[in-house]
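Q: Read off the chains here:
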Amino acid sequence: MSIVSASLDHAGKPDRAFNAEALDADARREARGMLALLSLGLFLVFAVIIVPIGWLFWLSLFDEGGQLSAANYARFFEQASYIKTFVTTFKVAFTVTGACVLLGYPLAYMLSQLPRRAASICLIFVILPFWTSVLVRTYAWLVILQRKGLVNTWLMDLGVISQPLPLANNFAGVVIGMTHIMLPFLVLPLYASMKTIDVDCLRAGMNLGASPAATFRQIFFPLSLPGLASGLVIVFVLCLGFFVTPALMGGGKVIMWAMRMEQTTSLYSNWGAGAALGVVLLAVTLALLGLFHWLLGTRATGVWSRR
Amino acid sequence: MLLSLAQSALPIGISGIEKRFGAVSILSDLSLDVAAGEFLTLLGPSGSGKTTLLMILAGFVRANAGSIKVGGEEIITMPPHRRNIGMVFQNYALFPHMNVFHNIAFPLKQRRVSAAETAERVERALDLVQLKGLGERRVDQLSGGQRQRVALARAIVFEPRIVLMDEPLSALDKSLRERMQIELRNLHRRLGMTTVYVTHDQREAITMSDRIAVMNAGRIEQIDQPEVLYAKPRTKFVAGFIGESSFIPVESRNGSVWYEDRKLRMNDAAPSTGRHLMVVRPEKLRLVADVGETGVNVLPATVGDVIYQGDSFVCYATLKDGRQVTLRDYCRSDVLAKLPAPGEPIMLGIDAQDIVLVADQ
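Protein chains in written order, with our numbering: chain R, 1 to 307; chain V, 1001 to 1361.
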């Protein structure tokens, strides 16, 4: 065991160091205890993550006749509607994420620059929508954006437009509704990371000759990237699997992945095809997470000096 | 180029600086002249306004009134990025997303220095702070001392007119701090830049500075060379803040100074009539045998406690009026042989030339 044990001759036990057996037994007992504490967590992970996903994957491998086949996956390449749904899903996810960044970055920046008290009051307004159900908020948007909704009536009354703008039951409506729901997911991590930026780093930037704009560009923005990256990933991944808002605001014209899944299982009772959709969504999400990590993770968490 | 800062060093003229935060006055009518190439330290307790003054010099805090002239040019309203003043921050404020090279190259990049010259100057700056070959290191791979050196290199690589340092060594451990003090002083001697250094560590200030401005409650109490400041403090605050001191009340009357019924022998002329405080430094006191020595003032006292500290010992003694004084001496064997025991009556001697009086306030 230890280097000294060989030369030790303690209590007539030349080969074993003093108390070594008791200490080994104690270490084993502690390891067993830790495993026992972990077991409930491990069981939960197994029961609610590994088993369902495994089952989903298993289901996706059988066609409608219960025969083992790759038909559910082949459908992705054969049916145009699948490809269209896939493209729509990504289009919505990209647009919503982009809109969230455009709105959320300045908002988070403002919050991070406010005095502590004012910032916490403003943060409540960012978090407030979380306390209302997604369904209620989506219907509220319908009321505001539909053909005879608030926006169109006001604009027409003011004479700005003569025809109502198509704001609901289409792509624009889906994007507006989803952006509203996703915004806090971007703002919160971004705000947290902006708060950790050392004021002295910005002062140092200016002290060394960088104008306020250059200091923002070269120091503040790069240092806020880790927060932006995590917000971006959360929003994008949530968008890929979103259901309620596109279903209500899309007017049946914007079919996203999750809606397709719902149709496949509840309308056509094709569990295999639905499971395949789920597996592909999961795989694409994981691939994207990997890509984000590769692109932003090393860039935002580490250093992109010329190594 | 990097070694020719001495010619471009400029004097700083600070006058009438006022700074208030709401109703609280931080700096009031503060004036201070720093000579070209001088190493001046702002020394004071926290809240004395020293860091605020430094922030006003760098341009991060706006004063309510006053003027700052660098080489005769008014800079009080100039934005920080045009001031051309290098600064070393307390926490170094290195850019965590850049490696050492890019941190040091940052000020050169802002000044559109060519890539070739940038590489050369960064290399020389790294050499100057003894970090040669570490340009590619990430900031989080550096030790505290190395970060400190990078911050220093970054602050001087663009040959600023003035360098400001805000407690740059406070995060380092004691031995490294002492080594860096010597290094910073040598670097200053080599480059000769006008330096304003902020610290609350009096020993650090004494070690490094040409002059020290002792600040208290938004004002400068005294500004002098370290030796003068230590030997001839002008106020009780300065005497108490720089070095250890005991204060013994004395009275000046009829041209001489009295401690109780003893007339003090002193070299300086007696101050104005009234109550004063005698500043007694621990190392100026010594144990004397009796009252007979000429030119020595003798204070009878009783030993309270003797603390052995290896190289030296500290003796806490109580004067007849109950006042505590401290005596410190090195542990030479002749001194150790005569070390008094607690409770023993002793005679404390202080030379006439070591008597320093400050106003009692």
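Everything labelled a hint here was simulated from the structure, so no lab data went into it. Yeah, the Cβ is synthetic: ideal placement off N, Cα and C, and Gly gets one too. Check before you lean on any hint, since a few could be wrong.
[Said to hold, decoys possible] Simulated restraints, written as ranges between beta carbons of each label pair:
| hint | chain 1 | residue 1 | chain 2 | residue 2 | range |
| --- | --- | --- | --- | --- | --- |
| 1 | V | 1183 | R | 45 | 52 to 58 Å |
| 2 | R | 116 | V | 1219 | 27 to 33 Å |
| 3 | R | 58 | V | 1144 | 33 to 39 Å |
| 4 | R | 212 | V | 1232 | 42 to 48 Å |
| 5 | V | 1144 | R | 57 | 50 to 56 Å |
| 6 | R | 118 | V | 1171 | 29 to 35 Å |
[What the hints assert, rightly or not] Sample of chain V residues with no beta-carbon within 12 Å of chain R, all distances over it, derived:
| hint | residue |
| --- | --- |
| 7 | 1116 |
| 8 | 1224 |
| 9 | 1253 |
| 10 | 1311 |
[What the hints assert, rightly or not] In silico negatives: residues of chain R with every beta carbon more than 12 Å from chain V:
| hint | residue |
| --- | --- |
| 11 | 60 |
| 12 | 77 |
| 13 | 203 |
| 14 | 212 |
| 15 | 253 |
| 16 | 287 |
Q: So, for every hint listed, does it hold in this structure?
A: Outcome of the hint check:
1. V:1183 to R:45: 52 to 58 Å: holds, 55 Å
2. R:116 to V:1219: 27 to 33 Å: For residue 1219 (chain V) against residue 116 (chain R), whose Cβ atoms are near 31 Å apart, the range 27 to 33 Å holds.
3. R:58 to V:1144: 33 to 39 Å: violated, 56 Å
4. R:212 to V:1232: 42 to 48 Å: 47 Å Cβ-Cβ, so the 42 to 48 Å window holds.
5. V:1144 to R:57: 50 to 56 Å: holds, 51 Å
6. R:118 to V:1171: 29 to 35 Å: holds, 32 Å
7. 1116: Per Cβ check, residue 1116 (chain V) is outside 12 Å of chain R; nearest 16 Å; holds.
8. 1224: holds, 29 Å
9. 1253: holds, 55 Å
10. 1311: For residue 1311 (chain V), whose nearest Cβ neighbour in chain R is about 37 Å away, the distance exceeds 12 Å, so it holds.
11. 60: holds, 43 Å
12. 77: At about 43 Å from chain V, residue 77 (chain R) clears the 12 Å cut-off, so the statement holds.
13. 203: violated, 5 Å
14. 212: violated, 8 Å
15. 253: Fine: 44 Å to the nearest Cβ keeps residue 253 (chain R) off the interface.
16. 287: Per Cβ check, residue 287 (chain R) is outside 12 Å of chain V; nearest 27 Å; holds.
Checked against the numbered hints given earlier, the structure breaks hints 3, 13, 14 and satisfies all the rest.
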